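S.K.: Letter by letter, the chains look like this.
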Amino acid sequence: MTARFKVGACIRVRRDITSGHRRTPGYIQGKTGTIAAIWGTFPNPESRAYGGDGLPEQVLYLVSFNQNHVWEQYKAPLKDKLFIDIFEHWLKPA
Amino acid sequence: MHNHDHDADAHSLIAEDPELSFYAKRAAAIEALLIEKGMVTADNIRRRIEIMDSRTPAVGAQVVAKAWVDPDFRTRLLANAKAAVAELDIEVESPNLVAVENTVGIHNVIVCTLCSCYPTVLLGASPGWYKSLEYRARVVVDARGVLREFGLELDEEVQVRVYDSTAEMRYIVIPQRPDGTEHMSEEELAALITRDSMIGVARARTPAGEMES
Numbered sequence: 001m002t003a004r005f006k007v008g009a010c011i012r013v014r015r016d017i018t019s020g021h022r023r024t025p026g027y028i029q030g031k032t033g034t035i036a037a038i039w040g041t042f043p044n045p046e047s048r049a050y051g052g053d054g055l056p057e058q059v060l061y062l063v064s065f066n067q068n069h070v071w072e073q074y075k076a077p078l079k080d081k082l083f084i085d086i087f088e089h090w091l092k093p094a
Numbered sequence: 001m002h003n004h005d006h007d008a009d010a011h012s013l014i015a016e017d018p019e020l021s022f023y024a025k026r027a028a029a030i031e032a033l034l035i036e037k038g039m040v041t042a043d044n045i046r047r048r049i050e051i052m053d054s055r056t057p058a059v060g061a062q063v064v065a066k067a068w069v070d071p072d073f074r075t076r077l078l079a080n081a082k083a084a085v086a087e088l089d090i091e092v093e094s095p096n097l098v099a100v101e102n103t104v105g106i107h108n109v110i111v112c113t114l115c116s117c118y119p120t121v122l123l124g125a126s127p128g129w130y131k132s133l134e135y136r137a138r139v140v141v142d143a144r145g146v147l148r149e150f151g152l153e154l155d156e157e158v159q160v161r162v163y164d165s166t167a168e169m170r171y172i173v174i175p176q177r178p179d180g181t182e183h184m185s186e187e188e189l190a191a192l193i194t195r196d197s198m199i200g201v202a203r204a205r206t207p208a209g210e211m212e213s
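So the protein sequences, as listed, match chains A and B. So the first sequence is numbered by my numbering: it starts at 1 and just counts up by one. So the second sequence is numbered by my numbering: it starts at 1 and just counts up by one.
Quick caveat, the hints were computed from the structure, so don't treat them as lab data. Owing to the predicted nature of the structure, the values given are computational and were not obtained by experimental measurement. Take these hints with a grain of salt, some might be off.
As the list claims (entries may be wrong) - Okay, derived cross-link-like pairs now, DSS-like style, lysine-lysine, Cα gap no bigger than 25 Å in a straight line:
no.	chain 1	residue 1	chain 2	residue 2
1	B	82	A	6
2	A	79	A	92
3	A	81	B	131
4	A	92	A	6
5	A	81	A	92
6	A	31	A	75
Said to hold, decoys possible - Chain B side only, calculated, beta carbon under 10 Å to chain A, not exhaustive:
no.	residue
7	95
8	140
9	160
10	166
For each residue, glycine too, the CB sits at the ideal point set by N, CA and C.
Modelling step: build the complete structure from the supplied sequences, incorporating the hints.
M.R.: Below you can see the structure in the form of structure tokens.
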């Protein structure tokens with residue numbers, strides 16, 4: 001499976017995936033970030049949590065976010081970052 | 001032995017123990033079923049616990065000390081931590097391992113906001129506070145404030161990077177090598193590298209820092 005996004009690409013995290021066992025924290029849903037690394041493909045844990053086979057495997061990315069974008073009230077220096085691993089099905093182009 | 005006839009003794013023992021939580025009972029039931037179905041043996045489970053308990057932050061300290069003294073190893077560790085630690089006969093099973101390096105301008109700290117993912121292969125069992133709701137909820141929102149409560153004040157010029165390990169990767173922080181340690185051996189350096197410095201809530205100890213708590 002080839003990665004849909006390249007390192008450096010701007011993405012937005014989806015927030016239209018319904019509740020259940022989800023690996024993308026609520027606080028980051030809807031936010032925009034940048035692909036920092038591509039870790040490869042892994043079985044989808046959100047399928048395996050319900051007895052599924054985890055297939056198709058999903059590309060896992062390391063995504064960076066600006067803290068002052070994630071948290072409107074963030075007061076610390078603007079350059080502070082948050083990095084999170086996010087599976088591809090959670091991402092769309094920003 | 002577990003069987004589907006009512007084993008009054010075994011069940012009443014569980015029911016009568018006020019210390020056993022719902023989850024402990026459930027784990028015991030699952031364990032009994034797995035053994036009964038021949039998927040694992042009691043010795044397999046005992047051995048896994050023994051391996052888990054044998055892991056301590058000394059393993060991580062050994063890795064970091066080598067990265068401090070061996071620039072080529074440091075490069076390999078940052079590029080592919082799983083492969084690099086394998087050189088030291090440290091086997092990383094799934095999930096994978098990523099090393100992030102503190103520098104003059106960057107300070108990294110790790111958390112798992114969804115549960116309590118932790119680089120146990122290098123650091124052993126995680127401390128209670130790492131699993132606490134308070135640490136997990138607050139460090140992503142106000143890392144500088146949380147680090148200050150740990151006694152670590154960072155300059156405004158330093159970029160703070162919080163790593164929220166939500167999936168297959170486990171992160172470990174390579175703390176900065178303290179000044180005045182140029183003469184020290186790898187073993188001596190390893191003694192300066194604490195668990196908390198590899199989580200990112202503290203700096204490595206300094207040679208003169210013996211009085212620090």
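S.K.: Could you check the structure against the hints above and give me the numbers of any it violates, in ascending order?
M.R.: none
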